[in-house]
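There are 2 protein chains.
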Amino acid sequence: MLPIAIDANGGDRSPAAIVGGALRARDELGVEIVLVGTPDVAPLAGDLPLIEASEVIAMDADPGQSVRRMKDSTLVRAAEAVRDGRASAMISAGNTGATMASALLRMGRISGVKRPAIATPLPVPSGGHTVLLDAGANAECQPDWLLQFAQMGAAFARARYGIDEPRVGLLSIGEEPGKGDALRKDAYGLLAAAGALDAAGGRFIGNVEGRDLLTDDVDVVVTDGFTGNVALKSLEGGMKALVSRLLEAFGASDEARAAADVLMPELLPLYSSLDPENTGGAMLLGVDGVCIISHGSSGETAVVNAVRVARDMVEGGMVDALAAAIAT
Amino acid sequence: MLPIAIDANGGDRSPAAIVGGALRARDELGVEIVLVGTPDVAPLAGDLPLIEASEVIAMDADPGQSVRRMKDSTLVRAAEAVRDGRASAMISAGNTGATMASALLRMGRISGVKRPAIATPLPVPSGGHTVLLDAGANAECQPDWLLQFAQMGAAFARARYGIDEPRVGLLSIGEEPGKGDALRKDAYGLLAAAGALDAAGGRFIGNVEGRDLLTDDVDVVVTDGFTGNVALKSLEGGMKALVSRLLEAFGASDEARAAADVLMPELLPLYSSLDPENTGGAMLLGVDGVCIISHGSSGETAVVNAVRVARDMVEGGMVDALAAAIAT
Chain A
1 MLPIAIDANG GDRSPAAIVG GALRARDELG VEIVLVGTPD VAPLAGDLPL IEASEVIAMD
61 ADPGQSVRRM KDSTLVRAAE AVRDGRASAM ISAGNTGATM ASALLRMGRI SGVKRPAIAT
121 PLPVPSGGHT VLLDAGANAE CQPDWLLQFA QMGAAFARAR YGIDEPRVGL LSIGEEPGKG
181 DALRKDAYGL LAAAGALDAA GGRFIGNVEG RDLLTDDVDV VVTDGFTGNV ALKSLEGGMK
241 ALVSRLLEAF GASDEARAAA DVLMPELLPL YSSLDPENTG GAMLLGVDGV CIISHGSSGE
301 TAVVNAVRVA RDMVEGGMVD ALAAAIAT
Chain B
1 MLPIAIDANG GDRSPAAIVG GALRARDELG VEIVLVGTPD VAPLAGDLPL IEASEVIAMD
61 ADPGQSVRRM KDSTLVRAAE AVRDGRASAM ISAGNTGATM ASALLRMGRI SGVKRPAIAT
121 PLPVPSGGHT VLLDAGANAE CQPDWLLQFA QMGAAFARAR YGIDEPRVGL LSIGEEPGKG
181 DALRKDAYGL LAAAGALDAA GGRFIGNVEG RDLLTDDVDV VVTDGFTGNV ALKSLEGGMK
241 ALVSRLLEAF GASDEARAAA DVLMPELLPL YSSLDPENTG GAMLLGVDGV CIISHGSSGE
301 TAVVNAVRVA RDMVEGGMVD ALAAAIAT
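Chains as they are written, first to last, in the numbering used here: chain A, 1 to 328; chain B, 1 to 328.
Please note that the accuracy of each hint is not assured.
Since the list can't tell identical chains apart, any single copy or any two copies may satisfy a pair.
To be verified - With a straight-line cut-off of 25 Å between C-alpha atoms, the simulated SDA-like cross-links for lysine to any residue are:
1. Lys240 - Asp212
2. Lys179 - Arg68
3. Lys240 - Asp275
4. Lys179 - Glu140
5. Lys240 - Pro269
6. Lys185 - Asp60
7. Lys179 - Arg167
8. Lys240 - His129
9. Lys179 - Asp62
Just so you know, these hints were derived from the structure itself, not from any lab.
In isolation and in its complexed conformation, chain A is listed as follows (with noise of 0.2 Å):
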C-alpha cells in the first residue's frame, strides 16, 4: 500500500498533535505515512517523510478562491499526492470546504458520479453507527444526487461496517411518502424505483425523520448537505450541552462526585462512543480517491482513527466499490 498522506498544518492543535497523531499512527498501526506540511513542521516530524509545502489555508478561508490561488498550499499538495500515486489517501482536519475542494479539484470524481457527499458516521448510543450523507459538501441538491448519495452510502456502509444489505432511509419530516418538500418527494420516487440500489447492496426503506438518526431502525440516512449539516451539529450540540450538565451534576457535592465515581465504569464507553476522537471523521464519497476529513479539534487519537479508517478503505478497494455502486 502506498504511504497515506497527512496534512500537518490542518486542525485547530496542529502541528503538534497532528504530528504527534502520525507518528502513533506509523508505530501503532504499522502503516506508512507521508506528512505534507510547511518546514517549520519537519523538526516535530522525526523519520516520517514530509512532502514541503510552502502555504496554509486558514480554518476560516473561502475554500474555492484559496484552493484556485495557493497552489503550494498543505491541502493542495496532499491531494496532488494521492493524484500522482504518492499517496493512496489524505487526511485532514483544516478547513473542511478547502480539503473538499481540494481533493475534487486534483483527484477529480469517479467517473458518473455527479457531486461528491460527505459521509459522517454517528455513534448510536445503544451501539452501532448511521451513516448521515451529504453531511455539508452540498448545500442545494438534485433529486438525482440524493439517488447517488444513497448508492455510495450503501456500498460505504457494506465496507467500512460490514452490514450485509444497508437499510437506506430517507430524512424526511413524516414517514409517508409524500411527506417533505419537492426535492425529498422526487428523491423518494427514485430511491423507491426498482433496482435502484441493487448495484449497491442497499435497501430502501423509506422515508425516516430527526429522532431515527440515532436509533439501529437506518444505517444509512440521505439528505442535502444543507439539511445533513444542521442535522448533525444540532445533534453535536445537543449532546454536548446535556453531558456538560450531566458533568456539573456530578461535581456538585462530595456526595455527588463519590456516587459519579461508582458510575464511571458504566458510563465511560458511552462517554467514548460519543466523543469526535474516536470516530475517525467523515469521508468524502465520490472523489477519485480515499479523502477523510476530520474534525477541526482532532488530537492525536483521533489522527490514529483517521489513518486506522483510510487504511481500511484503500485496502477495502472502497473508490472501486463506490464506482460500481452508481454504475446503473
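Starting from the structure of chain A, add chain B where the hints point.
For chain B alone, coordinates are given in the frame of chain A:
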C-alpha cells in the same frame, strides 16, 4: 377571559389524560375550560362544558383533506369556537397538520401574515429557552416568510419569556453571511436590513448553526419548516437515546443504582427541563387566535402546562403583539 377550548380527542393518551389535565388546569390555574369532544367524552368531563363533535381526525390522516371533509370534527369545532368568540384559545395534542389547517382555515391569518409558523421553545440545559421557528408548518419557504418568522419569533420571545431585546439568528451551515443555500442568502439580506426587526423589538445577530440551538447565545432561531422539523426531531431523538443509555448505566448493578440515587436530586431538574410534558407545547404563530400544538404523547401535566401558556398568550395580547411585529 373567554374559556380555553381543548380538543378532548387529540393525542395518543386521549381522551382520559386530556380531560384529566383539563380538570386539573381548571382547578389549579382557575382558568375556564371548554372541552371539544365526541359524545363519549361526556362521562369523563364532570362539570366541564363540552362542545360536541361527531368526528375525530386520526393522528396519521391527511391534514388538508381531513379538515375539508370532516367539518364536524373536534379540531374544526375547536377552531370555530375561537373564531366565533366562544373560546379565547385552542389546544390540541392531535394531528399537528390538521391542527394547523383547522386554525388557518377557520381563524384565518393575522392581517399581513404570509404564512403561519410553528414556534417551538427548546429547553436549554443550562437554563432558559431558545425559540425555534418554523418547526414544521411550511416545508418550503420564501425569504420574506423567514423575515416574518423572525419578527413573530422576536415578539413571541418578548411576550412569553420577558426577553427585552431577543437575539434572532438565522439557522445556516456557517457563521459568515454568505454561507448556506439561496434561501439563506436572500433571507440574510432581508434580516440584516436596517429596521427589519424594530417593530418586533428584536435584534438580528447573523447566522447561527445547529450547535447553537441549546446554548444561551441566541433567543430565536429562524429557519424553514423542513430544516426546523429535522433539527427539532434530531435533538429529541438524540436526547432520548442518551438518556435511555444513562438510565441503563444507572441500573447496571446494585452499586450503580445506589450511586444513581445519590445523584438524583442533582439530575431531576435537568431531566424535568427536558421532559416534553413540561414545555407546554408549541404555538402556531400568525393565525388570528391563540393555537397551542401539544406533543402527541401529552399527559395531564402537559395539558395543564399548555393551558398555562394559552392563558398567558391570551392575557398578554399575543395576537396583537404579532400583528404589530410584522407591521413595516
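Hints broken by the structure, by number, lowest first?
-> Every hint satisfied by this model.
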